[in-house]
Amino acid sequence: MNSPLDILTLQPPEAAVRPALPFDVRRVRADFPILGQQVQGQPLVYLDNGATAQKPRAVIDALSHYYTDQNANVHRGVHHLSQIATDVYEAARRKVATFINAASDREIIFVRGTTEGINLIAQTFGREQIGEGDEIIITEMEHHSNIVPWWMLCREKGAKLRVIPMNDRGELCMDTYQTLFSQHTKLVSIVHISNVLGTVNPVEEIVQIAHAHGVPVHIDGAQAVPHQRVDVRALGCEFYTFSGHKMFAPTGIGVLYGCETYLDTMPPYQGGGSMIQSVDFDNITYGNTPNKFEAGTPNIAGSIGLGAAIDYLNSIDFDGAAKYETNLLEYAHDALRDVPDLKLIGTAERKVGVLSFTLSDIHPHDVGTILDQAGVAVRAGHHCAQPIMKHYDIPAATRASLAFYNTREDIDALVSGLHSVRKIFG
Amino acid sequence: MSDLRELYQQLILDHNKNPRNFRVLDPADRFAEGYNPLCGDKVEVYLQLQGNRIKDIGFQGSGCAISKASASLMTETIKGKTLGETETHFKDFQAMLTDPSSNLDLDQMGKLFVFAGVRDYPTRIKCATLSWHALRAAINNVQTPITTER
Ligand SMILES: Cc1ncc(COP(=O)(O)O)c(C=O)c1O
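Note that the protein sequences, when read in sequence, are chains A and B. In terms of the numbering used here, the first sequence opens at residue -6 and continues consecutively. In terms of the numbering used here, the second sequence opens at residue 219 and continues consecutively.
Careful, some of the hints might be misleading.
To be verified - Taking lysine-lysine pairs in the DSS-like style, the calculated list, with each CA pair at most 27 Å apart, reads: (1) LYS309/B x LYS260/B; (2) LYS297/B x LYS260/B; (3) LYS150/A x LYS179/A; (4) LYS329/B x LYS416/A; (5) LYS309/B x LYS329/B; (6) LYS344/B x LYS235/B; (7) LYS260/B x LYS344/B; (8) LYS336/A x LYS383/A; (9) LYS297/B x LYS344/B; (10) LYS297/B x LYS235/B; (11) LYS153/A x LYS416/A; (12) LYS336/A x LYS316/A; (13) LYS299/B x LYS235/B; (14) LYS416/A x LYS344/B; (15) LYS383/A x LYS344/B; (16) LYS383/A x LYS299/B; (17) LYS299/B x LYS329/B; (18) LYS309/B x LYS336/A; (19) LYS383/A x LYS235/B; (20) LYS235/B x LYS336/A; (21) LYS299/B x LYS260/B; (22) LYS344/B x LYS299/B; (23) LYS309/B x LYS344/B; (24) LYS416/A x LYS299/B.
Everything labelled a hint here was simulated from the structure, so no lab data went into it.
Please put together the full structure from these sequences, using the hints given.
As structure tokens, then:
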């Protein structure tokens, strides 16, 4: 459709990719405008990255650039701006495909976030493939978003959930996992990294075992993509979901990766514009993957922001950032262990920067409020993972979750805040 | 940290640690449950009535210091009161926490005044009011658990 000249003029200015200098936390912090903020008269110490991550200037600018210079609907206009918007939207899809090493950008479906990605699988693959008496394997450490859609499907179909238990360190019992398979097992759906425990699950092994039983695997990667490189082909899973907002991109955009052979045979998700080939009242033919799963006007700006976040991660030496975070986690573990009456929840051998804990019998809300007065933002509650709370027999926990822009000073502020909590509660 | 002393006053810390009337009433004339689904806080309120007077009250549940102390002080305040007096307490308490222009009668508020500081912590107001909403549900014989979220 484009003449060579069009291609030249229509290509949007891509964010200049900086050569990746060795990771430097000071330089990286300067990229996040919000981190310069004061809260309650104190410098913001943002330790709620598991809930959502902050956005670098490059992402904020990409949104502003899109709305200032490129805004139009995608896949439907013949005009100049519509072509630009379509190009940048599809460029974002290619960036995601490269980022997670998908075989093709057709395997990338834009959704609202992890939650919608999982519901999409349940409503399409699930409703077609899972029937009465069938079984879905999940784990004890799932986020509610990887429990409830399957539970609803099971209710509808008369199917059953089988749950891989975990030990008290927060590691999956792999021996039990092996025994959960039967001829009725239709899907394994597991979290890559736990949002409460920080546990990095042995997903490669989990996939291998499932495949040995001929069962496909979905991996909830919401907490994995912000912390480490993910290669979906190396993992070998059929489905992988994640949210943009937890990996420094805007809210309202996320990704469902699905391997092409599965996506092509799955029924569509929602019906509407963009997902069809032709419509008359007697007959409708659906479009191809990925359009088949993207009915309606998508979150164009969000996808562009996600693309910008990926460019950003590539520009900062992401592997160096992951190493830095591992070091910081060790520092934080040691610092928290020195706080009397503090009990860490989640002490797996392989874990990332998530520190959930209880502090004697002081309720996490009280901990959270007192820390907030010191400018320290943490999460307090059940973290949308009530089965984990049940495992440890606690109603709630406090969670500090790290990103690569956090520092040892942040951890020190957390620890000093915890000492204030203890003082107040005597 | 001086502001925090306003929030976590000694009386609140004391009622958190040693909640009064922290027990199930069996039999109870009325019973209601309240939940805060955002944080998982939970309270159960039990009432024994004599005419239109609250003869006895007990509560159970789990939650933060603010919610536990609030439930405890609520039970102390309204034990022996009429349903009408209880409703007035509820309204005054609610106004104290949510309406900056409210004209509070300090004598009337009594010990409940220790929660005035909660007004400065908007994320915590629901912790303080949860038990009061459950009490009201019990009085009105609401069978389904009430929640702080719509
Ligand atoms: C492990 C995990 N899965 C799924 C989700 C849901 O993500 P979202 O709310 O962005 O859809 C979260 C978010 O907290 C999470 O931590």
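Sort out whether LYS416/A lies within 27 Å of LYS329/B, counting only the CA atoms.
-> 24 Å, holds
Restraint check for LYS153/A with LYS416/A, where alpha carbons must lie at most 27 Å apart = Measuring from Cα to Cα gives roughly 48 Å; hence the hint is violated.
Would the pair LYS416/A and LYS299/B pass a check requiring their Cα atoms to be no farther apart than 27 Å?
-> Given that 27 Å is the threshold and the Cα spacing comes to 37 Å, the pair is violated.
Holds or violated: are the alpha carbons of LYS297/B and LYS235/B at most 27 Å from each other?
-> 20 Å, holds
Restraint check for LYS309/B with LYS344/B, where alpha carbons must lie at most 27 Å apart = 14 Å, holds
Distance restraint between LYS383/A and LYS344/B, which requires alpha-carbon spacing of 27 Å or less | 24 Å, holds
Hey, LYS299/B versus LYS235/B, does the alpha-carbon distance stay inside 27 Å?
-> Given that 27 Å is the threshold and the Cα spacing comes to 25 Å, the pair holds.
Straight-line Cα separation of LYS260/B and LYS344/B no greater than 27 Å?
-> Holds: LYS260/B and LYS344/B sit about 12 Å apart, inside 27 Å.
Restraint status (C-alpha distance of LYS297/B to LYS344/B at most 27 Å) = With Cα atoms ~22 Å apart, LYS297/B and LYS344/B stay inside 27 Å; holds.
When you check the alpha-carbon spacing of LYS336/A and LYS316/A, does it fall within 27 Å?
-> 25 Å, holds
Going straight from one Cα to the other, do LYS309/B and LYS336/A come out at no more than 27 Å?
-> 40 Å, violated
Below or equal to 27 Å on CA atoms is what counts here, so check LYS297/B against LYS260/B.
-> 21 Å, holds
Hints 11, 16, 18 and 24 from the list above are not met by this structure, while the remaining hints are.
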